[in-house]
Every structure is written in C-alpha cells, then in structure tokens.
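Asks: The sequence shown begins at 32 in the working numbering and counts up by one.
Some clues are possibly wrong.
Keeping only pairs whose Cα atoms sit at most 27 Å apart, straight-line, the calculated DSS-like set for lysine-lysine is [stated by the list, open to error]:
#1 58 x 203
#2 83 x 213
#3 58 x 213
#4 42 x 58
#5 34 x 58
Computed beta-carbon distance windows for the label pairs [said to hold, decoys possible]:
#6 160 x 36: 48 to 58 Å
#7 37 x 173: 43 to 53 Å
#8 159 x 50: 51 to 61 Å
To be clear, the hints were calculated from the coordinates, so they are not data collected in a lab. Bear in mind the structure is a predicted one, so any value in this text is a computation, not a measurement. A virtual CB, placed ideally from N, CA and C, is assigned to each residue, including glycine.
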Amino acid sequence: MSKSVSFTEMKRGTREDYELLEKFEAKYQAGTADRILAELRRQGAASIEGYKITRLDHGLQSATRAEADGADIDWIVGALLHDIGDGLAPQNHDRFSAEVIRPFVRWEVSWVVEHHGIFQMIYYAHHYGWDANARDRFKDHPCFDACAAFCEQWDQASFDPDYVTKPLEHFKPMVREVFARKAYASEVVREGVVTGVPGAS
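Modelling step: build the complete structure from the supplied sequences, incorporating the hints.
Replies: See the structure below:
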C-alpha cells in the first residue's frame, strides 16, 4: 500500500487517495490527547511572565478547584484547558481554547470557555479604561450565570502559588477520556442543556 497520495492538488485526488488519508487522519486524531498534554507541559516551561505561577499551574489550579466543587469531567477538563490557546492565540485565546474542546464536551462548557475572556474583564478592565461590564451583552444568554460562576470560583481565584494543586498526572486520564469521545456526538454536546457550575450561589 502506498504511504502517500498521488496528487499535488486536492481536486486531482482519487478515492484511493482519500481512503488512504482517512486511515492516517484517524491515527493522527487518536493522538490528540497526547498533543494537548504536551502543550500543557510546554505552558509549564514557557508562559506569560509577570504572574506568580505558570499557565500550566493556573490550569491545574482551576481544574483542582472545579473537582473540589464536585464538577463533572466536562467542567474539570474545560477548566484545565480554558487557557490552552494562550501560546498561539493570545489575543483570542478564549475562542481558540473553546474550539479545542468543542467537539468533545457539553455545549455549555465550550460556550463558557469561549466567553470567559470577556467575563473576566469585570475584575480588571477598569484599570485600563475599558468596559468592565462588557459581559452584560450576554445577560440574557442561558449560560451567563455558569460563565460568571466559572470565572469567579475557578478562573480568577487560581493564581495562588500556595494553593494545594493536583498535578497533571491526576488529570491525564480525564483528558484522555474526553478526547477519546466521538466528535460532536449529540449525547455529549447536548446543545441547549444548561446544568450550571457546581457550588455556584
């Protein structure tokens, strides 16, 4: 069997070419969890300067808090990966991060991760002369309260070097489980279903 396609332009590809690619793509997609974990480790070695902890530590601390509040696996992995986009998309890391998890978690979780950046502005935007209440444009969205709680309980509070945080090894099986799911499975995505953030008042 050939190990590469016959074409140099996609429109010239044959059925055999695309069947070959399908096999290689399935193998590549199966390694997604490994690439996610590698990116998290990279964030532990090189991340934004100025904070008391690394971006990896921030994700781990957010996930640790989520788990301590009784959150399910979707919320925990969402908390762990909510800033995974920082390295490649610092200007829109929230949307980048959401796209990484969107095929594999509940709609509610990916929506919250996608919008956490604007919701976080309530804590600091006034220092820059920005609109701290920019998130109010979503006040009628069913996920508004979940996103506000996510930011308050798990995100903005997770920059503490003294907080006892679980290591990446603890969360690896969860990452593998989530990214082993069938992409966009309706029983996983559950679009329109809102369960809320555990422990939210």
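Asks: Please go over all the hints and tell whether each is borne out by the structure.
Replies: Hint check results:
no.	hint	result
1	58 x 203	holds (19 Å)
2	83 x 213	violated (37 Å)
3	58 x 213	holds (14 Å)
4	42 x 58	holds (23 Å)
5	34 x 58	holds (13 Å)
6	160 x 36: 48 to 58 Å	holds (53 Å)
7	37 x 173: 43 to 53 Å	holds (49 Å)
8	159 x 50: 51 to 61 Å	holds (53 Å)
In summary, the structure is inconsistent with hint 2 from the numbered list given earlier, while agreeing with all the others.
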